[in-house]
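Turn these sequences into a full structure, and let the hints steer you where they fit.
Chains as they are written, first to last, in UniProt numbering: chain A, 1 to 251; chain B, 1 to 293.
If you're looking for bench data, these hints aren't it; they were derived computationally from the structure. Keep in mind that the hints are not guaranteed to be accurate.
Simulated pairs of lysine to any residue, SDA-like, Cα-Cα distance not exceeding 20 Å [claimed, not checked]: (1) A:K69 with B:G178; (2) B:K282 with A:Q133; (3) A:K16 with B:V83; (4) A:K112 with A:A130; (5) A:K7 with A:N210; (6) B:K29 with A:D86; (7) A:K73 with B:G178; (8) A:K225 with A:D195; (9) A:K110 with B:R225.
This structure is a prediction, so every number in the text was calculated from the model and none was measured.
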Amino acid sequence: MNPITAKNVTVAYQRKPVLQSIDFEAPEGKLIGIIGPNGAGKSTLLKSILDLVPKASGEVNIYGKPYRKQRQKVGYVPQRGSVDWDFPTNALDVVLMGRYGQIGMFRRVKKKDRREAMSCLEKVGMDQYANRQISQLSGGQQQRVFLARALAQNAQVYFMDEPFVGVDAATERAIIQLLSELKDQGKTVLVVHHDLHTVRDYFDWTMLLNVRKIAFGPTTETFKKDLLQKTYGGKLTLLDQEEEQEVTPLA
Amino acid sequence: MSYTFWILLTASLVGVSCGIIGVLLILRKLAMLSDAISHTVLLGIISAFLITQSLDGWTMFIGAAIVGLLTTVFVQMLHSAGVQSDAAIGIVFTFLFAIGVILVSMYAGNVHIDVEHSIMGDIAFIPWETVNWFGIEGIPQAVWMLGIVLVIDVILLFLFYKEFKVSTFDPELAAAIGLPVGVLHYLLMGMTSLTAVASFDAVGAILVVAMLIAPGATAYLLTERLSMMFVLSAVFGVLAAFSGYYIAAWLDASIAGMMATMAGVIFLLAFVFSPTHGLIAKRLLQNRIKYEV
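This is the structure:
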């Protein structure tokens with residue numbers, strides 16, 4: 001069964017549709033990139049799948065059932081800028097929040113949860129920062145803490161909103177390494193991404209999105225100039241220049 | 001029990017209950033909403049009085065809690081409809097408070113509710129307003145009410161500690177893992193309303209805001225752990241209460257006014273001297289960086 005099945009998803013703020021009639025079926029065990037221009041509805045797509053924004057129509061199933069019945073199977077990494085990093089807490093505590101769904105209401109955090117959270121911090125190379133106040137971490141370190149928190153959710157399907165924004169090169173490599181480990185464990189990862197140069201290297205499958213779904217499939221089939229042109233319209237000039245530069249040495 | 005004892009106990013209960021609620025209000029950036037609620041509870045109190053014709057503490061509790069929640073709901077509605085959130089607070093707050101003021105002036109001129117009293121409070125009279133509740137005599141009504149509200153606040157915070165924590169830090173994650181984020185928000189607003197109305201008699205509508213915000217803001221400057229922030233905030237609330245009372249007694253000034261002033265003075269001290277966030281520490285750090293460069 002497919003990890004994500006979306007049928008005719010439409011989301012509108014006020015009257016203007018942000019997403020229109022999105023259909024797709026994501027295959028299991030793939031790294032999937034979602035790309036498109038600003039305002040294309042990339043984050044909104046993730047949020048509508050997670051019931052964080054209301055859908056005007058359509059439905060999404062996670063392994064064949066509505067999201068509210070499958071929360072334990074899903075991990076989420078919001079945009080780093082969506083939270084207040086001056087909040088009085090440390091890295092380990094943030095990772096522990098990933099366990100709250102499994103711990104459940106009215107129950108306390110146990111030693112077992114702490115050990116689990118600690119091992120997730122280790123996986124992202126942040127265990128020595130466990131007791132560090134989160135505002136004292138660099139952007140890349142904060143993003144790793146967020147990833148560790150998603151790992152602590154111990155999910156089958158992961159949704160990540162721009163995890164590479166504002167991180168250093170080392171962190172970017174660490175993240176991509178981690179994502180391929182998740183893939184090797186048969187997990188499915190959907191990543192909102194905006195750096196077109198790395199799409200071919202990072203993602204098995206790619207969705208081109210601009211309010212409507214322009215294309216969805218293996219990156220080799222979807223990451224093509226005509227489709228990108230259709231997605232980005234006139235804003236694609238930067239990418240064109242880049243390609244010309246790549247071509248020059250050969251000529 | 002002496003007169004001073006009851007005043008200090010009342011003031012300390014205000015300090016602790018406002019202090020712990022204030023922590024969540026500050027971290028959720030709801031300080032102005034608490035300002036609104038602390039005023040609009042006046043409408044709740046007068047409405048409860050007009051409906052039941054009694055000044056019983058319980059009816060006031062219920063009236064204030066309902067209007068406090070309505071305030072939050074109205075603000076939310078206006079904000080969702082596209083009004084700026086601070087403008088929404090300003091409109092709802094003044095409108096409901098004004099209705100309260102009108103009702104007080106029309107119907108309650110000769111009972112123990114008046115606008116000045118509700119804005120400034122009157123802690124000096126509290127020790128004499130004793131009631132016989134649960135067969136126990138001689139305890140002031142304000143102490144009963146504050147005590148009960150404090151117990152309710154503490155129990156709810158313990159029960160929902162991790163839920164309040166994650167929904168404050170990252171509401172999206174909280175919603176994604178299935179926590180009732182909206183219910184938690186309104187629960188906190190209900191707790192704020194109850195705390196405000198219980199503190200009302202003691203310190204009044206304006207000064208309750210000082211007690212809700214200043215101790216928490218002080219604690220925020222001094223700790224990097226949420227649990228410690230609750231403890232420190234409660235301690236600073238009590239400290240403001242004690243120092244405020246004794247200075248007011250010495251100067252023969254308004255007790256509630258001096259308590260709020262001391263809450264501000266304590267904040268100022270932390271603002272200047274905090275080892276991590278204070279002005280001096282920041283200046284020293286900058287100098288050190290300058291030398292190293």
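Against the structure, the hints come out as follows:
Proximity of K69 (chain A) to G178 (chain B) is assessed by CA-CA distance (about 10 Å); at most 20 Å being required, the pair is judged to hold. With a C-alpha separation of about 17 Å, the suggested pair K282 (chain B) and Q133 (chain A) falls inside the 20 Å cut-off, and the hint holds. Distance check on the hinted pair: K16 (chain A) and V83 (chain B) sit about 18 Å apart at the alpha-carbon level, within 20 Å; holds. The straight-line distance between the Cα atoms of K112 (chain A) and A130 (chain A) is roughly 16 Å, inside the 20 Å bound, and the hint therefore holds.
At roughly 17 Å between alpha-carbon atoms, K7 (chain A) and N210 (chain A) fall within 20 Å of each other, so this suggested pair holds. Note on K29 (chain B) and D86 (chain A): the hinted pairing holds, with a Cα-Cα distance of about 12 Å set against a maximum of 20 Å. A threshold of 20 Å between alpha carbons decides the hint, and for K73 (chain A) with G178 (chain B) the separation of about 12 Å falls inside it, so the pair holds. For the given pair, K225 (chain A) sits about 15 Å from D195 (chain A) by alpha-carbon distance, which is consistent with the 20 Å threshold.
Taking the CA atoms of K110 (chain A) and R225 (chain B), the gap is about 18 Å. The hint holds against a cut of 20 Å.
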